[in-house]
Amino acid sequence: MKPSAPLAGLVIALCAAGAMTTSALAQTQVVRFLHNETDPPSIEFFNQAIAEFEAANPDIDVQMEAISTDGRLQKVMASINTKTMPEVFKLLPEERFEFARRGYILPLNDLVDQIGRENYIDGALIEVDGNNYDLPYTLGNFSLYYTRSDKFAELGLSPATNWDEMKANAESLTKDGDYGFIFPAGKNRMTSIFLSHMMWSAGGTYFDADLNVTFNNPGTVKALEFLRDMAAFSPEGINSYSYGDMINVYLTGRIGQDIYAPRLAANALANTPDLFGNTDVSPLPAGPSGAAVKFVNANGFALSSEAVGSKNVEAARKFLEFIATGDRLAKFSMTAFPHLIPPIKDVQQQVNAMGTPKLGGRAEFADLAFDTSNSLDFDSEAGATFADGKAIRSGVINPYIGPIVARHIPAEVVQRVVLIGEDPAAAAAWGQEQMQAIVDDLKKN
Amino acid sequence: MSDARTVQPGDRTLAYLTLVPSAALLILLSAVPTVTVFATAMQDVGLGALSGPWVGFENFIWALNNGAFWTALWNTFVWVFGSVAVEMVLGLGIALLLHQSFAMRGIARAILLAPYLVPTIVAVLVWRYMFHDIVGILNFFLMDIGVIDRPLQWLSSTSWAMVSVIIVGVWKFFPFVVLALLGILQSIPQEQYEAAKIDGASAFQQFWRITLPYVMPVFILTALLRTIWTFHKFEIIYLLTGGGPLDATTTLPILVYQKGFVDFELGRAAAIAILTFVILAALIAVYFLLMRRAESKQ
Numbered sequence: 383m384k385p386s387a388p389l390a391g392l393v394i395a396l397c398a399a400g401a402m403t404t405s406a407l408a409q410t411q412v413v414r415f416l417h418n419e420t421d422p423p424s425i426e427f428f429n430q431a432i433a434e435f436e437a438a439n440p441d442i443d444v445q446m447e448a449i450s451t452d453g454r455l456q457k458v459m460a461s462i463n464t465k466t467m468p469e470v471f472k473l474l475p476e477e478r479f480e481f482a483r484r485g486y487i488l489p490l491n492d493l494v495d496q497i498g499r500e501n502y503i504d505g506a507l508i509e510v511d512g513n514n515y516d517l518p519y520t521l522g523n524f525s526l527y528y529t530r531s532d533k534f535a536e537l538g539l540s541p542a543t544n545w546d547e548m549k550a551n552a553e554s555l556t557k558d559g560d561y562g563f564i565f566p567a568g569k570n571r572m573t574s575i576f577l578s579h580m581m582w583s584a585g586g587t588y589f590d591a592d593l594n595v596t597f598n599n600p601g602t603v604k605a606l607e608f609l610r611d612m613a614a615f616s617p618e619g620i621n622s623y624s625y626g627d628m629i630n631v632y633l634t635g636r637i638g639q640d641i642y643a644p645r646l647a648a649n650a651l652a653n654t655p656d657l658f659g660n661t662d663v664s665p666l667p668a669g670p671s672g673a674a675v676k677f678v679n680a681n682g683f684a685l686s687s688e689a690v691g692s693k694n695v696e697a698a699r700k701f702l703e704f705i706a707t708g709d710r711l712a713k714f715s716m717t718a719f720p721h722l723i724p725p726i727k728d729v730q731q732q733v734n735a736m737g738t739p740k741l742g743g744r745a746e747f748a749d750l751a752f753d754t755s756n757s758l759d760f761d762s763e764a765g766a767t768f769a770d771g772k773a774i775r776s777g778v779i780n781p782y783i784g785p786i787v788a789r790h791i792p793a794e795v796v797q798r799v800v801l802i803g804e805d806p807a808a809a810a811a812w813g814q815e816q817m818q819a820i821v822d823d824l825k826k827n
Numbered sequence: 056m057s058d059a060r061t062v063q064p065g066d067r068t069l070a071y072l073t074l075v076p077s078a079a080l081l082i083l084l085s086a087v088p089t090v091t092v093f094a095t096a097m098q099d100v101g102l103g104a105l106s107g108p109w110v111g112f113e114n115f116i117w118a119l120n121n122g123a124f125w126t127a128l129w130n131t132f133v134w135v136f137g138s139v140a141v142e143m144v145l146g147l148g149i150a151l152l153l154h155q156s157f158a159m160r161g162i163a164r165a166i167l168l169a170p171y172l173v174p175t176i177v178a179v180l181v182w183r184y185m186f187h188d189i190v191g192i193l194n195f196f197l198m199d200i201g202v203i204d205r206p207l208q209w210l211s212s213t214s215w216a217m218v219s220v221i222i223v224g225v226w227k228f229f230p231f232v233v234l235a236l237l238g239i240l241q242s243i244p245q246e247q248y249e250a251a252k253i254d255g256a257s258a259f260q261q262f263w264r265i266t267l268p269y270v271m272p273v274f275i276l277t278a279l280l281r282t283i284w285t286f287h288k289f290e291i292i293y294l295l296t297g298g299g300p301l302d303a304t305t306t307l308p309i310l311v312y313q314k315g316f317v318d319f320e321l322g323r324a325a326a327i328a329i330l331t332f333v334i335l336a337a338l339i340a341v342y343f344l345l346m347r348r349a350e351s352k353q
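Line by line, the protein sequences are chains A and B. Each residue of the first sequence is one higher than the one before, counting from 383 in the working numbering. Each residue of the second sequence is one higher than the one before, counting from 56 in the working numbering.
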């Protein structure tokens with residue numbers, strides 16, 4: 383029996399449609415985009431920006447995946463091993479050297495030159511062997527010192543300028559179910575960040591300028607002793623605290639002093655305006671070295687190389703330039719003002735002017751958040767020295783720190799002291815041993 | 056007239072050919088990954104590679120000489136037997152209750168089975184909030200009724216973290232035990248209870264002499280099945296504590312994950328996975344043995 387004419391027509395039409403779809407798919411270049419900016423306003427911004435970009439570039443399809451900070455690390459590592467890396471992804475500073483050395487990421491010198499190197503805030507651009515491998519889109523400042531103005535006034539206290547004063551304040555504030563201090567002591571990256579700026583303020587570093595492990599130093603021990611003492615004035619649950627707890631517990635109104643990122647101010651304003659009104663921000667108190675060293679790192683987007691599964695590099699480069707510059711950068715920074723600090727000078731001024739009225743004119747929050755001077759981060763701290771209240775960078779970029787932080791060794795050192803009461807010197811020695819083993823292993827390979 | 060005919064020489068070939076797709080799928084989805092894990096365990100595999108230098112049994116020797124492995128093994132046993140013991144006792148008790156006739160029994164059954172239906176990620180995140188020392192409802196409630204005078208460190212104390220993890224595990228999976236035991240309870244002939252009542256047997260005697268012998272084979276098999284499933288449970292612990300504080304809740308699956316995706320020592324992770332597999336295989340062998348014994352009794 384012959385097929386009927388309508389049926390034959392349908393088959394031909396379906397085949398033609400299929401062929402056209404296949405051809406359209408073949409022309410569409412997919413750019414996968416992985417990041418950890420999971421605030422709903424940030425996600426909304428990215429969705430809008432992607433829609434704008436796709437409208438201007440109909441041949442490019444951007445597929446975004448937003449994931450938590452802790453989950454991002456594992457996702458990136460697994461994608462590298464399976465060679466399925468997204469074309470554009472959030473790069474952590476401590477990954478930069480290793481990923482560049484292994485050829486997982488591509489140089490972005492042309493993009494940086496196009497934007498203008500001189501436009502970037504000092505310290506935002508980090509080079510590996512003379513090349514830039516990431517385009518910074520925000521700076522993360524984890525070292526703002528928040529105090530409860532109402533409680534301080536009631537007890538006749540003043541914001542601390544050094545560790546001794548901070549401890550004395552904490553002691554006075556700890557009463558009637560309230561806590562004088564809070565810090566993260568969970569086995570996570572936030573705890574490692576917290577220990578780091580305490581250690582630097584006490585005059586210690588993880589590595590010296592020759593990249594020898596120097597973690598077991600007097601500064602580390604002093605920082606650990608300080609954290610051990612301050613644990614008595616902090617919630618007992620700090621042993622599981624990470625990023626979110628530093629804000630959520632502060633928002634209960636029971637914390638007198640908190641050292642954290644500007645996100646705390648943004649969240650307090652959005653969720654507990656009265657508490658925001660009773661919150662002051664001050665410069666970070668100085669440690670025993672006389673310096674108050676902030677932890678500030680540049681968050682950048684990087685381009686994966688074909689070696690780890692990137693497929694549409696040029697389309698990805700086009701998208702990266704679009705998302706990390708101009709109005710988009712300002713709009714993105716405004717999604718969590720003053721937490722997301724633009725790394726480009728004129729954008730920073732623009733954002734500061736737009737955002738300060740939203741904080742009820744309290745300019746000190748953005749001023750202190752945007753002040754990223756006297757700071758270090760994991761990959762730039764090797765060999766730093768401290769004099770006259772300043773941290774002086776050695777200029778050495780540390781290729782070994784990434785795996786140490788990824789394995790949460792500094793955080794585990796804090797847990798050993800705070801959770802099981804190990805002697806700070808013994809914990810520092812344990813940390814040194816663990817770090818040395820990782821470095822030896824890396825040098826071997 | 057019947058269409059039946061004798062087996063022809065080509066039939067056997069056809070029979071084997073029809074098995075090929077299933078066999079190929081099994082090889083692809085089961086045998087290939089298993090062999091790959093065995094091969095990985097014999098190599099030194101690091102970041103950015105799926106193979107590395109051949110090291111023989113070095114990774115196994117490392118694991119067996121490593122304190123972290125034995126701590127994780129001990130934690131695994133505490134987690135497994137803690138969870139399964141409570142699940143079985145609670146499950147049996149609730150199954151007996153639900154087996155009774157009472158008003159709105161259907162609704163009660165549906166409510167009790169709900170935890171099993173809630174996605175694990177949702178359940179664990181809600182529990183995380185409930186366990187929080189300052190903002191959690193559990194501490195608030197316990198302090199409000201005067202049971203405790205200061206917040207319990209559900210997730211941040213080395214002694215409480217495992218208890219918390221077990222509580223969530225039991226809450227999530229005891230409905231499975233209830234379902235399994237309710238099924239067998241409903242199959243016990245009522246005549247036996249009626250005869251026992253006529254003979255003057257007490258409620259306890261009826262339970263001991265009639266219910267328990269009927270339920271026991273399914274009880275044991277369910278316990279073993281839950282043991283096997285709990286042994287390799289990963290997401291509840293990972294999402295609640297990440298294996299901490301320190302290594303207080305690091306079980307073998309968590310250790311495999313840490314070695315593989317945090318330390319990126321894939322060879323060592325594979326070796327631990329195989330050692331875990333060997334322990335599980337022993338448990339599965341016991342399961343089959345008991346199942347065969349139960350079948351032969353029937």
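To be clear, the hints were calculated from the coordinates, so they are not data collected in a lab. Yeah, the Cβ is synthetic: ideal placement off N, Cα and C, and Gly gets one too. Keep in mind that the hints are not guaranteed to be accurate.
[Said to hold, decoys possible] Heads up, simulated EDC-like pairs for lysine to aspartate or glutamate below, C-alpha to C-alpha not over 16 Å straight-line:
no.: 1; chain 1: A; residue 1: Lys825; chain 2: A; residue 2: Asp592
no.: 2; chain 1: A; residue 1: Lys533; chain 2: A; residue 2: Asp558
no.: 3; chain 1: A; residue 1: Lys826; chain 2: B; residue 2: Asp99
no.: 4; chain 1: A; residue 1: Lys740; chain 2: A; residue 2: Asp656
no.: 5; chain 1: A; residue 1: Lys533; chain 2: A; residue 2: Glu553
no.: 6; chain 1: A; residue 1: Lys457; chain 2: B; residue 2: Asp204
no.: 7; chain 1: A; residue 1: Lys549; chain 2: A; residue 2: Asp560
no.: 8; chain 1: A; residue 1: Lys557; chain 2: B; residue 2: Asp204
[Stated by the list, open to error] Heads up, incomplete: computed chain A residues facing chain B, CB under 10 Å, no partners named:
no.: 9; residue: Thr451
no.: 10; residue: Asn463
no.: 11; residue: Ile503
no.: 12; residue: Asn621
no.: 13; residue: Val631
no.: 14; residue: Leu633
no.: 15; residue: Arg636
no.: 16; residue: Glu703
no.: 17; residue: Ala788
no.: 18; residue: His790
Structure-based check of all given hints:
no.: 1; hint: A:Lys825 to A:Asp592; in the structure: holds, 14 Å
no.: 2; hint: A:Lys533 to A:Asp558; in the structure: holds, 12 Å
no.: 3; hint: A:Lys826 to B:Asp99; in the structure: holds, 12 Å
no.: 4; hint: A:Lys740 to A:Asp656; in the structure: holds, 15 Å
no.: 5; hint: A:Lys533 to A:Glu553; in the structure: holds, 13 Å
no.: 6; hint: A:Lys457 to B:Asp204; in the structure: violated, 42 Å
no.: 7; hint: A:Lys549 to A:Asp560; in the structure: holds, 15 Å
no.: 8; hint: A:Lys557 to B:Asp204; in the structure: holds, 14 Å
no.: 9; hint: Thr451; in the structure: violated, 13 Å
no.: 10; hint: Asn463; in the structure: holds, 6 Å
no.: 11; hint: Ile503; in the structure: violated, 31 Å
no.: 12; hint: Asn621; in the structure: holds, 4 Å
no.: 13; hint: Val631; in the structure: holds, 5 Å
no.: 14; hint: Leu633; in the structure: holds, 8 Å
no.: 15; hint: Arg636; in the structure: holds, 7 Å
no.: 16; hint: Glu703; in the structure: violated, 27 Å
no.: 17; hint: Ala788; in the structure: holds, 6 Å
no.: 18; hint: His790; in the structure: holds, 8 Å
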